[in-house]
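**Student:** When we follow our numbering, the leftmost residue of the sequence shown carries the number 77, and every step to the right adds one.
Just so you know, these hints were derived from the structure itself, not from any lab.
Hints may be right or wrong, so weigh each one.
[What the hints assert, rightly or not] Below, computed lysine to aspartate or glutamate pairings styled on DMTMM-like, alpha-carbon distance capped at 25 Å: (1) K170 with E193; (2) K377 with E251; (3) K262 with E374; (4) K295 with D337; (5) K262 with E251; (6) K295 with E307; (7) K312 with E336; (8) K170 with E154; (9) K197 with D181; (10) K262 with E384; (11) K170 with D407.
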Amino acid sequence: MTTFEKLKSKRLVVWLVGIPMALALIYYYAFALDRYVSVAQVTVRQVGGHEAPRVAGLAAMLGGLNPTSREETLYLREFLTSQDMLNVLQEKLKWSEHYSKQWHDPLFWLGDGAPQEDILKYYRRVVTAYFDEQTGLLSVEVQSFDPAFAEQVLKVMLLESERFVNEISHRMAREQMNFAQSELAKAREDYEMRREAMLKFQGSNNLLDAEATAKARSKVISELEAKLTMERANLKGLRSSLGGDTPQVRQQRNRIKALEDQLMTESSRLVSPKDGDQLNVVASRYRNLTIDATIAEEAYKFAVGSVETARIEASKKLRSLVTIVSPNTPDKAIYPERIYNLITLLIGLLLLYGIARFVIATIEDHRD
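Starting from the given sequences, assemble the full structure and let the hints guide the process.
**Tutor:** This is the structure we're talking about:
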């Protein structure tokens, strides 16, 4: 290797390895501030529920990971890193002021007048929520330059998370109950309307049960017809032995005439055309009203049962936030990981230097 090539190699080492490492050393030991991490682990569980175990480990000891609880835990994860949670922290703790004061660390400095989007992006850098599919636990980490502030932020987040979980479960329960109760009110109103229509119909026709009355009158007509047939047979017997003008024959004829008149009267009261007001039409209308009232009554009974079922199902929808690991006050700063980051950076720069040397050597070989 010539002197010129050695010089180029040294320059390459300086630019690709030496200067970046020097800048990293200056940043980590002169500017980078210690960041403390407060950690909590939570999960969403059914209130008073018994869920079948589905996974092993801690989730099995907690009663299993229910798909609904998993879904709501994922909702909670999104809420923890959302603008809504940031607004709560801004209101209660003046969250951004704590980070905007730490101007010493250029990579973790938040400007005083930063736009809302930049504040949210910074918030998601220092607040993380990780959902473990194996255990069903949600791990929440809060980084801060002050250990007490990190714990305080996490406690506020968990209190707000509990309110969020309760509000979701209670809202679903209320919606289900409100729907069932509204259906019950409609069914009751319809039942009362049908019942009043039937009572009004009974009053206007002076009949308690038109069907029963029609059956009773039909029975009377059948009895009159049977009796009329018998009396006519008796008349025929009398005429065969007596004259037509004898008192017995005339009396029998009068009896038959009375039965015929009575039969005609009863028949005219029982049967009439479709638009008439005789018993057959009245009984038909009464039957329709009875059917409508019975259907409305059954619907009302079903609605009453549905309300009770909805109440039971609503209780199953209630969820609560279970804190497995409470927020802690960190004693030691976890970030930045100076030694680890510097070693990782050095390895990466050496790889970059090796690639650059290989490319340069390849180019020079082609020139030759």
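**Student:** Under the constraints set out in the numbered hints, which ones does this structure not fulfil?
**Tutor:** none
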